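Participant: Here's the letter readout for the chains.
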Amino acid sequence: MKEQDPVVFVIDDDRMIREGLQSLIRSVGLRVETFASAQEFLGAKRPDAPACLVLDVRMPELSGLDLQLKLRDGGIPIPIIFITGHGDIPMSVRAMKEGAYEFLTKPVRGQDLLDAVQKAIASDRALRKGRQEVDEIRGRFESLTPRENEVLDLIVAGLLNKQIADQLGMSELTVKTHRAHVMEKTHADSLAHLVRMAEKLKASTRK
Amino acid sequence: MQVSTAATVQRALFRYGLAIGLVSLALLASLALQDSIGNPFWFFFSAAVILSTWLGGTGPGWLAVICSTLAVMYYFTPPLRSFAVTPRELPYFVTFVACEIMVTQLISWRRRTEDSLRQARDELEVRVAERTAELKNANDAVVRQMAEQRRTEETLQATRAELARAARITTIGELTASIAHEVNQPLAAVVANADACVAWLSREKPDLAEARSAAERATQGATRASEVIARIRSLITKATPEKSHVQINRVIEETAALAEGQAARNHVVIKLELSPDLPIVFGDSIQLQQVILNLVVNGIEAMTTVTDRPKMLTLRTQPENKGQIRVSVEDSGVGLTEEVMRRLFEPFFTTRAQGMGMGLSISRSIIEAHGGRLWAESNGTGGGATFQFTLPSEDRPAA
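Chains as they are written, first to last, in numbering that gives the first Met the number 0: chain Z, 0 to 206; chain U, 0 to 398.
Hints are computed from structural coordinates only; laboratory data are not their basis. Just so you know, these numbers come straight off a predicted model, no measurement behind them. Please note that a few of the clues may not be correct.
Claimed, not checked - Lysine to aspartate or glutamate pairs mimicking DMTMM-like chemistry, simulated, CA-CA at most 25 Å apart: (1) K184/Z with E141/Z; (2) K201/Z with E149/Z; (3) K135/U with D114/U; (4) K204/U with E101/Z; (5) K321/U with E376/U; (6) K204/U with D111/Z; (7) K204/U with E32/Z; (8) K270/U with E259/U; (9) K118/Z with D152/Z; (10) K199/Z with E135/Z; (11) K161/Z with E149/Z; (12) K199/Z with D188/Z; (13) K96/Z with E135/Z; (14) K204/U with D114/Z; (15) K118/Z with E203/U.
Starting from the given sequences, assemble the full structure and let the hints guide the process.
Facilitator: See the structure below:
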């Protein structure tokens, strides 16, 4: 599957700043989409691509911090680079606590912003890759029958075929058959691979 | 107590002794003079009784009467050298005794009267002294209270001054924050666009079109920053206003002319109701014009959304009592909600997207610096709002 080009969203109520940032980010060859308000951004259709958000803290109506909470609550994970006119400490602490990627003060130095944008996109790309992988694994694991699932749990727990057969009340041969199906359906190269995938899946559902 | 009792006894003894002494003197004198003057005892004994009663009181008086009677009985009524009295001498003797008794009674009555008078006078003096002391106490209390009140007033004054200073500092702080934001915003745009311009030029194949438009935006940003600064300077940097005699009606006419264009664009009619006999005021005409212009522009903007009634802005002047004039700017706009009314004069408070929120705050400080007052009222059912201010006026009429 070919990944789409990364995109940078710029949200600022000041047209001149918005256009400056857009031009700056475009100059290094990145795709930029601009919005004059947080509502406009929420209403827009977002492409399925690695992305990051360059966000003005101080905006009328929905502020940058409000948007951050809305995105988090809506399960939209996207790294946010905050830009603020007055870098007051409580506000930046709050933003960082809620998982802001970076906090820059106006006027922002172009190179600082570009560095932050590149890093944020790289981070989002890695996160997306991780999420995609987990989604794939989940898809494969969901194709297992209930019986195969039972066998899987015991294999991952480190039991031998004989022990699994005893515990589930079936013959060792049947266990071997189920095991082969599990390995095949989950595309596992080895027992170690299978265990790793099961762990990843568990970790993602725990989150 | 003991001492005073002893003193009383001593004085009684002295008084009675005096009576006996006086009677003895009278006796000696009578005996000595009886051969040369006829019956001298009448005079001497009467004198002894009078003096004893007068100086010693009733008791010594009676003692003097008794002693005199005995002495007269013994020495001067036949048979001489005997306490007996011959019947022939009896009326004469009785007359003497009766006279003596009468004298002593009269004198002692007189004395008692004088004593009670003296006592009454003493009591009166004591009472007067008491009342005087009471009055003095009351007076002291009043003086103390006045001193305390003065101290309280001084404290109050100091607190008020402190509060005013704190409010001024807060206002300056808010003002600074707002100015910082207003200036920083276009500067951020300048930096972003200049950086973009450089980035476009630094590409392997420089993109001149992109670089140019970024540079143009940077210029616009810088222009906007300088405009903000010019706006702020024109509004507040005049630390020392240049005061002169101002005819407020003329200032209003000029201001109305200035606002004519904006009013026409917004289909607003400006009406002037200027009092012809308005006294002149002493102030900075440019600052006052700024205040009036600010109120006029606010009024026009408050009426932009009005469609159901005539858009009318009325500028009115009138003389007030106590050497003041009043200027009011009445619009028929959307009016003021309670919330807006409450925060109207706060720095940085605005109901407009493009507003800086400084106009009314600065206007108020200008009017207050002129010794006047600026406030806002809702027009009630007619809709709209009226902004008014007062200014202290000179005595002379404007003409």
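Participant: Now look at each hint and say whether the structure bears it out.
Facilitator: The hints, checked one at a time:
1. K184/Z with E141/Z: OK: K184/Z and E141/Z at ~10 Å, within 25 Å.
2. K201/Z with E149/Z: holds (15 Å)
3. K135/U with D114/U: The given pair, whose Cα atoms are some 31 Å apart, is violated under the 25 Å limit.
4. K204/U with E101/Z: The given pair, whose Cα atoms are some 31 Å apart, is violated under the 25 Å limit.
5. K321/U with E376/U: Holds - the C-alpha atoms of E376/U and K321/U are around 22 Å apart, at most 25 Å.
6. K204/U with D111/Z: Distance of about 23 Å is within 25 Å: holds.
7. K204/U with E32/Z: holds (24 Å)
8. K270/U with E259/U: Holds: K270/U and E259/U sit about 11 Å apart, inside 25 Å.
9. K118/Z with D152/Z: violated (38 Å)
10. K199/Z with E135/Z: Within the cut-off at roughly 11 Å; holds.
11. K161/Z with E149/Z: holds (15 Å)
12. K199/Z with D188/Z: Distance of about 16 Å is within 25 Å: holds.
13. K96/Z with E135/Z: Violated: K96/Z and E135/Z sit about 31 Å apart, past 25 Å.
14. K204/U with D114/Z: Roughly 22 Å between the alpha carbons, so the hint for K204/U and D114/Z holds.
15. K118/Z with E203/U: holds (23 Å)
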